[in-house]
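Novice: Based on the sequences and whatever the hints tell you, model everything.
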Amino acid sequence: MKTTWLKTTLALTISAASAQALANGIAINEQSASGAGTAYAGRASSALDASTIYGNPAGLSKLKRTEVSGGAAVVSAKDDISDAHSTAQGTSKGDSVPLAGVPFGYISTPINDDFTFGVGMYVPYGIINDYENSFQGSYHGSYSKVQVITLQPTIAYKINDKVSVGFGPTINRLDGQLQNNLATNGIAGGQGDTKIDIKGNDTALGYNIGVMVDLAEGTTWGLAYHSKVDYHLDGHTKVSNAPGALGLNGTYDAKLDITLPESVDTSFTHKFDDKWTGYVGAVWTRWSRLKAIEVQNSGVPALGQALGFGTIGEEMKWHDTWSGSVGASYQLNQEWVLRTGFAYDPSPTTNDHRTVRIPVGDRKIVTFGAGWSPNPDLTVDVAYAYLWENTTSVNQEGSALQPAYSAKYDNSANGLTAQVTYRF
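Mind the numbering: the sequence shown is residues -23 to -1, 1 to 401 in mature numbering (1 follows the signal peptide of the UniProt record, and there is no 0), read in order.
Some hints could be false.
[Said to hold, decoys possible] Derived pair list, reagent style SDA-like, types lysine to any residue, alpha-carbon separation capped at 20 Å:
hint, residue 1, residue 2
1, LYS341, PRO351
2, LYS39, VAL96
3, LYS385, THR180
4, LYS122, ASP234
5, LYS205, PHE144
6, LYS176, LYS215
7, LYS385, GLU374
8, LYS205, TRP299
9, LYS232, ASN310
10, LYS70, ASN372
11, LYS252, ASN310
12, LYS41, ASP90
13, LYS385, ASP91
14, LYS341, ASN391
15, LYS55, ALA77
16, LYS70, VAL100
17, LYS294, VAL371
18, LYS172, GLY276
19, LYS248, ALA193
20, LYS70, SER389
21, LYS215, TYR120
22, LYS39, LYS172
23, LYS39, LYS205
24, LYS252, LYS205
25, LYS39, PHE94
26, LYS205, ARG331
These are computed hints drawn from the structure, not numbers from a lab.
Specialist: And the structure:
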């Protein structure tokens, strides 16, 4: 028997209010400050520093010196909730996404005239979503924390003066924790809500591959493919404060198989003159891989099995998306370059499947950035981004254990990214 009582509680890798990230779904774009300034419009066709390891591994061939580059992004998100309705008592304050930091770091070094090697560490997915204890929608999701950290060794090969290719296997560590409540106070022996707490983790392999082509003087095209990653999470489901009559209190082994999707990033970079450079890019993400989830809990007592706690499932029905961005940079003088960009990133979910964990809508992002190079060895990049979404609706049906909840969400975020690159 299968139950949907817990809804997205056990979707360790796909649930959350990801307004804290400057990419949609649960993806994170914050892997570079130099790229952030142009809304990542030229990420696949530019090699500004060693962060090209993520953007397009082929770009390493354009770096002629050993580089160490690293930094972090700080994102402050806001989810305003209005017109909230529920059969449960409680509050709907919003602002459930705390201040978050996203680190990244890279190193690259030429081996010879044709080969370049590099290693990168970055966060491709991650969320933290923490509603207040009295949140009316806590029966559909009260707390979410998911993080993927990736290590990517990379090799790039310069085929000729115009074409380079690059490849890097990725080692991906996923850790997640999610919580929600069940309304069991009315069941004999029940005193307050039952608490569900799930934790799980796995390490899995993937790869990034790319090609970069100089089409003409000042014009470069790039294409990067980020592979899917198959996770087989092991963890546990902890049930507490359940009515004694149910016999469910305890910790159960849990398994979840989930695939995070592949994406294709393509862009053009064109240098108009010594001052102006333009960028345009598009990213396709195969979110349709997230059609449904199923978690297998072992050791559940007979009554729990009868109630559906052995297998917990949820339909997601996400769809593929195309996002697009444009950007420009202006070389003010030998030391300073100024950047700006705009991106449109549609949501992979719809009104029929949007939940309190993923109340994201179609989003727009405007960015501003600057790079300061006091000498050829050192560059400091900073970027600011403002994100806003269309007003979205959440309409989650109720059941005996999960009171119905509906509300409107207005999500926005401010992001600040900084990066230091040193060349030897």
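Novice: Determine for every hint whether it applies to the structure shown.
Specialist: These are the hints, each one checked on the structure:
For the hint linking LYS341 to PRO351, the alpha-carbon distance of about 33 Å lies beyond 20 Å, and the restraint is violated. Simply put, LYS39 and VAL96 have alpha-carbon atoms about 16 Å apart, close enough for the 20 Å limit, and the pair holds. Restraint check for LYS385 and THR180: not satisfied, since their Cα atoms lie roughly 36 Å apart, outside the 20 Å limit. Restraint check for LYS122 and ASP234: the C-alpha separation of about 18 Å stays at or below 20 Å, so the hint holds.
Note on LYS205 and PHE144: the hinted pairing holds, with a Cα-Cα distance of about 15 Å set against a maximum of 20 Å. For the hint pairing LYS176 with LYS215, the CA-to-CA distance comes to about 9 Å; that is within 20 Å, so the pair holds. This hinted pair checks out: LYS385 and GLU374 have alpha carbons roughly 15 Å apart, not beyond 20 Å. For the hint linking LYS205 to TRP299, the alpha-carbon distance of about 17 Å falls within 20 Å, and the restraint holds.
Among the hinted pairs, LYS232 with ASN310 is inconsistent with the structure: their alpha-carbon atoms are about 56 Å apart, more than 20 Å. This hinted pair checks out: LYS70 and ASN372 have alpha carbons roughly 17 Å apart, not beyond 20 Å. Taking the CA atoms of LYS252 and ASN310, the gap is about 8 Å. The hint holds against a cut of 20 Å. For a cut-off of 20 Å, the pair hint linking LYS41 to ASP90 stands: about 9 Å separates their Cα positions.
As the CA atoms of LYS385 and ASP91 are separated by approximately 55 Å, the hinted pair breaks the 20 Å bound. At most 20 Å may separate the alpha-carbon atoms for a hinted pair to count; LYS341 and ASN391 meet this at roughly 12 Å. About 12 Å separates the Cα atoms of LYS55 and ALA77, which keeps this hinted pair within 20 Å; it holds. A hinted pair counts as satisfied when its Cα atoms are at most 20 Å apart, and LYS70 with VAL100 does not qualify at roughly 29 Å.
As the CA atoms of LYS294 and VAL371 are separated by approximately 15 Å, the hinted pair is consistent with the 20 Å bound. For a cut-off of 20 Å, the pair hint linking LYS172 to GLY276 stands: about 18 Å separates their Cα positions. Using a Cα cut-off of 20 Å, the hinted pair LYS248 and ALA193 holds, with the two alpha carbons roughly 10 Å apart. Under the criterion of a C-alpha separation no larger than 20 Å, the hint pairing LYS70 with SER389 is consistent with the structure, at around 15 Å.
Between LYS215 and TYR120 the CA atoms are separated by roughly 14 Å; this keeps the pair inside 20 Å, and the hint holds. A threshold of 20 Å between alpha carbons decides the hint, and for LYS39 with LYS172 the separation of about 53 Å lies outside it, so the pair is violated. Under the criterion of a C-alpha separation no larger than 20 Å, the hint pairing LYS39 with LYS205 is inconsistent with the structure, at around 27 Å. Pair hint LYS252 plus LYS205 does not hold up; C-alpha atoms about 39 Å apart against a cutoff of 20 Å.
This hinted pair checks out: LYS39 and PHE94 have alpha carbons roughly 12 Å apart, not beyond 20 Å. With a C-alpha separation of about 23 Å, the suggested pairing of LYS205 with ARG331 is violated against the 20 Å cut-off.
Taken one by one, the earlier hints fail for this structure at numbers 1, 3, 9, 13, 16, 22, 23, 24, 26, listed in ascending order.
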